[in-house]
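Participant: My request is simple: use the sequences and hints to build the entire structure.
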Amino acid sequence: MKITINGKTVEAQKGQNVLQAAVANGIYIPHLCYHEKVGAAGKCRACVVEIEGMRGLQTSCSVPVRDGMVINSTSDDALHAQKLVIDLMLSSGTHDCLVCEQNGNCELQDAAYFLGIERASLQYGDICREFDTSSEFVYVERNKCISCGRCVAACNNTVVNQVLDFGYRGHSTEIVFDTDKPMADSNCVQCGECSQMCPVGAIVDKNSRGKGRTWELDKVETVCPYCGVGCKLELHIDRKLNKIVKIKGVEDAPTNKGMLCVKGRYGFDFVSHPERLTTPLIKENGQFREASWEEAIELVATKLSGIRDKYGADTIMGLASAKVTNEENYTFQKLMRTAIGTNNVDHCARL
Amino acid sequence: MAGLAASFGSGAMTNDISGMKDSDVALIIGSDTSEAHPVISARIKQAVIEGKTKLIVIDPKEIKMADFATIYACQRPGTDVAVFNGMMHVILKNGWEDKEFIKNRVEPESFNALKTEVEKFTPEYVEKISGIPAKTLENIAELFGKAKVAALYYAMGITQHTTGVDNVKSTANLQMLCGNMGVPGGGVNPLRGQSNVQGACDLGGLPVVYTGYQQVVNPDVHAKMEKFWEVKLNIKAGMPMTVAFDKAYDGEMKAFYIMGENPMISDPDLHHAEAALKNLEFLVVEDIFMTETARLADVVLPATTFAEKDGTFTNTERRVQILNKAVCAPGQAKHDWEIHQLLANKMGLSWNYNNAEEIFCEITAVTPSYAGMSYKRLGRMGLHWPCPTADHPGTPVLHVGKFSKGLGTMFAIPFRAPAEIPDADYPTYLTTGRILQQFHTGTMSRKTEGLNNLAGPHAMISVEDAERIGVQNSGDVKVTTRRGSIVTKAFITKRIPKGTAFVPFHFWEAPANKLTNNALDPVAKIPEYKVCACKLEKA
Ligand code: SF4
Ligand code: SF4
Ligand code: SF4
Ligand code: FES
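Keeping their order, the protein sequence lines are chains V and F.
With our numbering applied, the first sequence covers 408 to 758.
With our numbering applied, the second sequence covers 357 to 895.
Think of the hints as simulated: they come from the structure by calculation, not from any bench.
The beta-carbon is built from N, C-alpha and C at its ideal position, and this holds for glycine as well.
Subject to a maximum C-alpha distance of 20 Å in a straight line, what follows is the list of computed SDA-like cross-link-like pairs (lysine to any residue):
1) F/Lys690 / V/Glu705
2) F/Lys588 / V/Asp716
3) V/Lys490 / V/Leu464
4) V/Lys588 / V/Asp539
5) F/Lys690 / V/Phe695
6) F/Lys702 / V/Glu705
7) F/Lys588 / F/Asn574
8) F/Lys504 / F/Val753
9) F/Lys484 / F/Lys854
10) V/Lys650 / F/Asn680
11) F/Lys681 / V/Asp645
12) F/Lys702 / V/Ile689
13) F/Lys845 / F/Ser830
14) V/Lys647 / F/Gly687
15) V/Lys444 / F/Gly407
16) V/Lys690 / F/Glu630
17) V/Lys710 / F/Phe638
18) F/Lys690 / V/Ser699
19) V/Lys626 / V/Asn510
20) F/Lys870 / F/Arg838
21) V/Lys717 / F/Asn590
22) V/Lys650 / V/Glu682
23) V/Lys690 / V/Thr709
24) V/Lys650 / F/Gln688
25) V/Lys588 / V/Phe538
26) F/Lys881 / F/Val564
27) V/Lys613 / F/Leu810
28) F/Lys449 / F/Leu499
29) V/Lys650 / F/Gly806
30) F/Lys471 / F/Tyr481
31) V/Lys690 / F/Gln688
32) F/Lys690 / V/Pro681
33) F/Lys690 / V/Ala708
34) F/Lys702 / V/Glu701
Here chain V is said to cover these stretches of chain F; the calculated rule only asks that three of the stretch's residues, wherever they fall, bring their Cβ under 8 Å from a Cβ of chain V:
35) 549-557
36) 599-608
37) 614-624
38) 666-678
39) 696-702
40) 706-716
Facilitator: Structure (C-alpha cells):
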C-alpha cells in the first residue's frame with residue numbers, strides 16, 4: 408500500500424504501524440519506548456505525528472498504517488510536542504553525555520540532536536539515585552533512566568527472566584530488580600538483554616565501560632562459540648589493541664533475535680587471555696620448550712608415520728572437535744583418513 | 357544419534373528454532389534448558405507466557421523451566437524408558453494416538469511390537485520404577501496425547517546413559533505414535549551442547565562415516581571417496597573414542613591426535629583416562645590453551661579461537677552459519693586447517709587451500725546434504741541442511757511427508773535399570789551436567805573472572821540430605837563413588853529431591869568425572885554420566 412509521509416509517497420506493508428513504515432523508508436521520527444522486539448508501549452510520546460482525518464496528535468508507534476494515509480511528523484505542532492517530551496527527559500536525569508558510555512549510541516541524544524535541543528530548559532534538582540554496580544556484568548545508573556519500559560518488557564516478555572519491574576509511584580517510579588534488591592542479589596541471570604534494549608545509558612555492559620566509543624570500534628558479525636543454539640554475535644573490536652571490547656546480539660538473527668546468555672555476551676575474555684598458546688611446544692625430559700612450526704610439524708609427521716608403519720594406522724586415534732569450524736573438522740578427518748589411513752576419528756561430545 | 361537414525365533414517369534435531377512457537381504442547385525431558393541452552397529456553401518460555409504452548413517438564417531436578425510448566429514430574433534418574441512406555445500405554449489405552457499417521461508413515465509390524473511391549477507399563481507399574489505418581493503420568497499422557505501438535509526436547513539427560521539409545525528411540529516412538537513428525541512445532545529435538553557438535557558429526561568427525569553420514573564400509577562410498585581424494589582409503593570402520601581410550605589403557609593404541617578437546621575433564625572416570633593417555637607412545641594436542649590434556653602431550657600446537665577465523669558452524673537446528681574473522685591470532689598461533697595442511701603436505705600429500713571458503717567448496721562437492729550451499733548463499737542468515745541443490749531453500753523441518761528411510765520404525769523397548777543404582781554403601785543417586793555460567797571443560801568460560809565469580813564448583817544436594825549429614829549451605833561436602841571422591845561446596849536446594857545429588861562437570865578442582873561411571877551404552881558408546889550411586893558426607 409502507499410502512504411504519504413511529510414509530502415513524500417512511500418510503500419508500506421499491511422500490519423506495520425506508522426513509525427515502522429517511516430523507519431523502513433528512512434524517515435526518522437523520534438521514538439524511545441518503541442522497539443521492534445517489545446512492540447509499542449505508547450509510553451514516551453516522543454513519536455507523535457499529525458495524521459489527516461484524525462484529531463489531535465497521534466503516537467505513530469501505535470497507529471496501524473492504512474492505504475492512502477497522509478502523515479506529517481514535522482508540522483509545527485508535532486515538532487513542538489516532540490521537543491517538549493525530549494526536553495522533559497533531558498531535564499529529569501543526569502544526561503551528561505560527555506562521560507556517558509552510551510554517547511554516540513544513545514537514542515535520546517539522537518532525538519535531541521534531530522530536534523535541535525542544545526540543553527534541557529529546566530533542571531530538576533532532586534534526582535540522585537545510587538548506582539547499582541553490584542552485579543558482575545551489568546552497570547545500572549538509574550539517574551539516566553527515562554522510564555521507557557523497554558528493559559522491563561524485554562526481561563519479562565523476551566528473555567522471560569521476570570526480574571525487572573517498575574517500583575514505587577509517581578515521581579519516584581524507578582526500575583527495580585525483584586523486590587528492589589541490588590541486581591547481584593536478585594534472580595537476574597546476567598543475560599544482558601536489558602542493557603541491549605536500553606535506549607540510553609541507564610543500563611550498560613559493565614566491563615565495556617571506557618573501552619572505546621562506538622564510532623571507534625569495528626563491528627564484526629559471527630557465531631557464539633559456546634552452546635549449540637548458534638546465537639549470532641556482533642563483536643565490537645578495538646583495532647589498535649586487537650581486542651574484543653563488547654558483544655551485542657544480532658537483532659535480526661533467526662536463531663536468537665538479539666538475545667544472548669551470560670556466556671555469549673560476556674564470556675569473551677579467553678580470546679585475548681595472556682595464557683593463550685602462542686608457539687608450538689615440544690616436551691623434552693618432561694618439560695615443554697618452545698619450538699618453530701617447522702620443527703614441530705616435522706616431529707609430528709615423523710612420529711605419526713613411524714607409528715603407522717610400525718604398528719599399523721589403526722593404532723592411531725584422532726579426536727575432532729565440537730569447538731572448531733566445519734572446515735577444520737573436514738580437514739582433520741581428511742588428514743586422519745588420507746595421510747594416516749585410519750577411520751579412527753571421533754569427538755568428545757557424542758550427543 | 358544412533359537412536360534417531362534407526363527410527364527415521366537421520367539423526368539430527370528434526371525441527372527448527374523459529375517453529376518452537378507453534379507447539380500446543382512442549383515436553384522437556386533430560387534437558388536443563390535454561391542452564392544449558394538459555395536462548396532456546398527463552399523461545400519456549402515466550403510461547404508459554406503468550407498462552408500458545410503448554411509445557412510439561414520431566415526431570416530429576418526441579419529445573420527452572422518447571423516454574424513455567426503445566427505439569428512437572430520428578431523421575432528417578434535412569435528411568436526414562438519406563439516413563440515413555442507408560443505415556444504410550446495411556447495414550448494407546450485411550451485411543452489418543454494418531455491413527456492416520458501410524459497407518460501411513462510407520463512400519464506396521466514395528467507398531468504392533470511397540471503396542472505389545474508397552475502393554476505392561478501401566479501407570480502403577482511405572483510409578484514403582486520411576487517414582488512418578490500414576491495420576492501424574494496419566495495427566496501428562498493426556499495433555500501430550502490430545503495436543504494437536506507437540507514438540508519433544510531433550511539433551512544429554514537422555515543420551516548419557518547406558519540406555520541412551522533406548523531412550524532416544526523411545527522419544528521417536530512417542531512422536532510417531534502421536535503424529536508429531538514432519539510438522540512445524542513438533543518433532544524430536546535433541547539440543548546440541550556445543551557450538552559445532554552438529555558440524556563435527558556432519559563433516560565426518562565420526563569413526564563410521566565420511567561427511568554427510570556416508571558410510572565408511574559402503575563400497576560405493578569408499579570408491580567415490582578414493583576417487584575424490586585421489587588416495588587409497590581404509591574401508592574398515594574406525595573405533596569410537598571411548599573404546600580407543602580403553603585400548604590405549606591396554607597398550608594397543610599408540611598415538612592420539614587431539615584437536616580442541618579436553619578429555620581430561622570431560623571423560624568419564626578421569627583416572628582411567630589419564631592412565632590411558634600416559635600410556636601412549638605419542639600424544640599431539642592442538643588447542644588454544646595449555647589444557648589439562650595438553651599438559652600430557654608430547655607436542656602442543658597453538659590454534660586460533662572462533663574470533664580469529666573465517667568458517668562455518670552448524671547449530672543444533674542444522675543451520676549452517678558463517679563466522680567472520682574479527683581479531684588477529686596471538687603470536688604464531690595458526691588456524692586448525694592450516695596446521696592440518698602443513699602436516700598433510702609434510703606426510704607426502706599436496707593440499708593447497710588458501711582459505712576456509714575453498715575448503716567449504718570442497719565439502720559441498722562431496723557432501724549431498726551441503727551440496728547446494730556456498731558462502732554467498734549462506735549470507736547473514738545461513739541455511740538448514742539438507743540443501744541439496746543451488747536453488748534449494750534449505751530444510752527447517754525434517755521428515756515432512758516421508759522419513760529419510762521411507763517408513764518410520766518403532767522399537768519395542770524393555771526397561772533396563774541403570775548400570776549402577778544406589779545401595780546400602782552408596783545410597784544416593786549422583787547425576788552430572790552443566791550450569792549456565794560455565795561451559796564444558798571450562799577452557800574458555802573460566803578465563804572470564806566474572807563467570808567464575810558467578811559460579812564456582814559445587815554439589816547440589818537436597819535439604820533432607822543436607823540435614824542428614826549435617827552440612828550447611830556452602831559448607832564442604834564430600835561426594836564419594838566407587839571410582840573416587842571429591843570435596844566441594846554444598847549448594848542446598850529445594851529443587852533437588854531427597855536421595856539425589858547433582859555435580860556440574862566444568863571444574864578441574866572438583867571434577868565430576870572422577871566420580872562418574874564409564875559404563876557405556878552398547879550402541880552409541882556414550883558413558884553413563886547421568887546416573888551412578890554415591891555417598892554424601894560432611895567434609
Ligand atoms: S540481565 Fe537479563 S535477567 Fe537480568 S535484569 Fe537484565 S534482562 Fe533481566
Ligand atoms: S533503564 Fe533504560 S530501558 Fe529501562 S526503563 Fe530506563 S531508560 Fe528504559
Ligand atoms: S549466547 Fe548462550 S545460548 Fe546463545 S549460543 Fe552462546 S552459549 Fe548458547
Ligand atoms: S515510541 Fe511511540 S510512544 Fe514511545
